[in-house]
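Q: So you can see what is in the structure, the chains are spelled out below.
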Amino acid sequence: MTRGRVFVTLLLVVTSLLIVLPVAVLAIGSFLSEPPRALHFAFSGLTFGNYIAVLGSPGFWRLLATTITLAVVGTAGAVVFGVALAWLAVRTDVPGRRILEAVAITPMFIPPLVGAFAWDILASPKSGIINILARSIGIPQAVNVYSLTGIGFVFAIYYCPYVFLFVAAALRNMDAVLEEAARMVGAGRLRTIVDITIPLTLPAFWSAGLLVFVLLIEIFAIPAVLAEPGGIHVLSVRIWELVGFTPPKVNEASALGVLLLLLITVTLVLLQNRVLAQRSFITVSGKGQRREPTSLGAWRWPLCTLGFTYLVIAVLLPFLALLLIALRRNLFFANAKALFNPVQFSFAQFGVAFGDPVVRLSLANSLLVSCGTIMLGCTLYFAVAYTVHRTRLPGRRALDIISIMPVAIPGLIIGLGYLWSWITLPIGLYGTVWIIILAYISQFSPQGVRAIAASLVQIHPELEECSRLCGAGMLRTLRHVVIPLARPGVLAAMILLLVLSFREFATALFLYTSATQVFSLTMFDVWERGSTNLVAAMALIQAGMLLSIVLVGQRFSRGATVAPGPS
Amino acid sequence: MSPRSLILSVSLSCLLGTATVQAQQPAVDGETIATPDLVKAACDEGAVTYYTAQSDDDERAIARPFQQRFPCVSVSVISAVTGRLYERIETEFQAGKVVGDVAILTDEALVQKLIDAKRIRPWNSPVAAQYPASAKLEGWWYAASGSIMIPVYNTDSVGKQDAPKFWQDLLDPKWQGKLATSPITIGGTAWAAFDFLKEKFGRDYLVRFAAQQPKLLPAYNQVVLSIARGEQSIGVVSALNEYPLRVAQGAPIAPVYPPEGSPYTNYPMVLLANSPHPHAAELFANWYLSKEGQTTLVKQRGAYSVRADVVPAAGNPPLAQLHPWSPGHVTAQAHDALVAEVSQILGSR
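Protein chains in written order, with the working numbering: chain H, 1 to 567; chain Y, 1 to 349.
By construction, these hints were calculated from the structure, which means they are not laboratory data.
Owing to the predicted nature of the structure, the values given are computational and were not obtained by experimental measurement.
Keep in mind that a hint or two might mislead.
[As the list claims (entries may be wrong)] For lysine to aspartate or glutamate, the following EDC-like pairs were computed, each having C-alpha atoms within a straight-line distance of at most 16 angstroms:
{"#": "1", "chain 1": "Y", "residue 1": "Lys-160", "chain 2": "Y", "residue 2": "Asp-204"}
{"#": "2", "chain 1": "Y", "residue 1": "Lys-165", "chain 2": "Y", "residue 2": "Glu-260"}
{"#": "3", "chain 1": "Y", "residue 1": "Lys-291", "chain 2": "Y", "residue 2": "Asp-309"}
{"#": "4", "chain 1": "Y", "residue 1": "Lys-198", "chain 2": "Y", "residue 2": "Asp-336"}
{"#": "5", "chain 1": "Y", "residue 1": "Lys-200", "chain 2": "Y", "residue 2": "Asp-156"}
{"#": "6", "chain 1": "Y", "residue 1": "Lys-291", "chain 2": "Y", "residue 2": "Glu-45"}
{"#": "7", "chain 1": "Y", "residue 1": "Lys-113", "chain 2": "H", "residue 2": "Glu-34"}
{"#": "8", "chain 1": "H", "residue 1": "Lys-337", "chain 2": "Y", "residue 2": "Asp-156"}
{"#": "9", "chain 1": "H", "residue 1": "Lys-126", "chain 2": "Y", "residue 2": "Asp-169"}
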């Protein structure tokens, strides 16, 4: 017990430094007139002025309503697409399910800025490729991505992979006996899905839905590219503006961050705890597992067609658009003939991307940052998730609250909190790659902890108890029982962290130096300079690299988890 | 090592040694930019960290000739918009951990704030005389770069006769809903543009401009791209964003230089106080202001130099022909008042 307490105290100290310190500095800063730079708090300037300025600014409530509406639409779409694809790929005998599984997650490897840009090129009202082709056959305007529906759709397809990852992990861990039992007592296919499959994957479903909702509230790149041209305004762009202001209105930006944090924490986390607390989701128990896929019968081919049609629209089309941009010398074409003019095509941008020393250095930095974030982050997230969900140690509730503190605070603001606070710590991390890694670990803790927790709550405590009874210590039980069984969830968390840390740039904006510049920042710089074809080439290189890492990782994990049943 | 290769390597090192000594002379193309003592002290420091509001890639290319002349000083470039650089400079200073040595910011008012707070140290550049009074605050900063704001139109959808020629032409009802620019809140360049329009043509111009329902995009590169792609027909943008698309990528866009003049924003270069490499910073900054530095900047970015002896980039008319207009010294109150007024008129957030 004493050891347990020491462990929790240690975790509380680490998470306090990583998360509470920068978030608290931001929160205090939101009540001051001068920013608390380097932990200099000017309490003589205590004020509610930042909140009054934010809440009283014209159009604030409309801004909030639009932000929430878009996030809800995007989340709903992502959940529908993600759950359907995960179920098809993991639990059914649909033809081509391996391909479905591999391709379904690829949109997450494209940075949102570039993904939004690809859809801009495809579906903008006048010069979008789809509309240019439609005009050539006499249809004036087929699609408009600068609209609520258009942005909601782009949100849904770029965030569907997150739902897919979580739900597929839960489905993989689920014992098919439960579905089989339902079928044996006469339930039809649909009834089995509704009454058994969906309820048992609810933790994953909720985690994924909440994660996507929160990410969509704070996402900057997609609304900046697609919403603003359509006159649609959201909070994340407003925060970006406040920080880009001269001089930056960082205290107001902090106030807005704190308001978002309160709004999301209070409503959604309570909701999640209520829903999750009412039921048991244990599906991994001491009994053996069966993993036979559900037979779709006559629905095999229609569902296969549906799944692949979605992939063509959501994945292939924007990839082709990016390839076109990467290969074309410029983006300027007024009609179908100019679009396919062979004179404009070249592979030069790929050579430029690979040959540029800054691109190569930032790619290496990004790999290092991602590696560090995954290794250190997953260890910390697992420790927190395990303590919160599998022990009764005092302090676990505080850990749970700390781990979700950065939720909905945009990366730009977290980076600011790190700049203000960590620069004063006497360990000299400012200006090194470590401060970026720590800021990322802090920023992604709500997502990471929840991804791991979702798979931990599926495991029956009897397995651990059995191991402990057989004389194994806590570490041995963790190593041989809990970690192998939670592996799908841990792997999902690792993939999530790889992607989030690889493409994040806002958090690093206040922290990087020329020696620690990350790939996403280089891409952002190239984008700002207007070299869109180089951006597209870099995005394709990034997507190819991340996809390879994930496929190798999944293969390795599958090999390692053959017959993971308890011994 | 064979005798032949030994001779080769000895002569090579002699040659390189001579080249290094020659390269580190304090004069650049006959223009004195430093004393021998400054060069020596800079070489001893060996590095300079350069904070810039201009693109990373451009700045690295601009610094290349400096690196060839002074290989003993390595230049690290950190690029961010002015607001974020300001936040870094302030926090580093207050924490006593200054990283940046020299900076280019895009906002004179903010630079003044930094001078008042003693975050910037005095600097008398030997090339100061080449900079007109409107482009420097003698002893503190010099406009090492700058940006002109101009109307731009899409040449595929707008004929030359129909294209706007004067600022007033932007108010023609035919452009309603086909016009784009960025909101005043994005920084000093946008601020200067709206200040120019109000000062030259009165508040009524801004009201009529708002009635045109312009699209306000978060960055000028997005504005230019949307015009070049034909999503919008015309717009008001920074020439720095328009130039690379027009010249390097052959975008179907053309600039308009209205005879009433165009707003020009100085980008002051400053030396940061308590910086770790003060001599290297001064040497680099002096070089940046030299004819060689400014010529490289102009070629790389399509920017204008205020130096009379630096010719404009290919395809750009001389700066004097554009009748550049500058807002002069601006107080913080006047700055905020204009932001509030324009935001209210244009309905931006």
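Q: Please flag the earlier hints that this structure goes against, numbers listed from lowest up.
A: 1, 5, 6, 9
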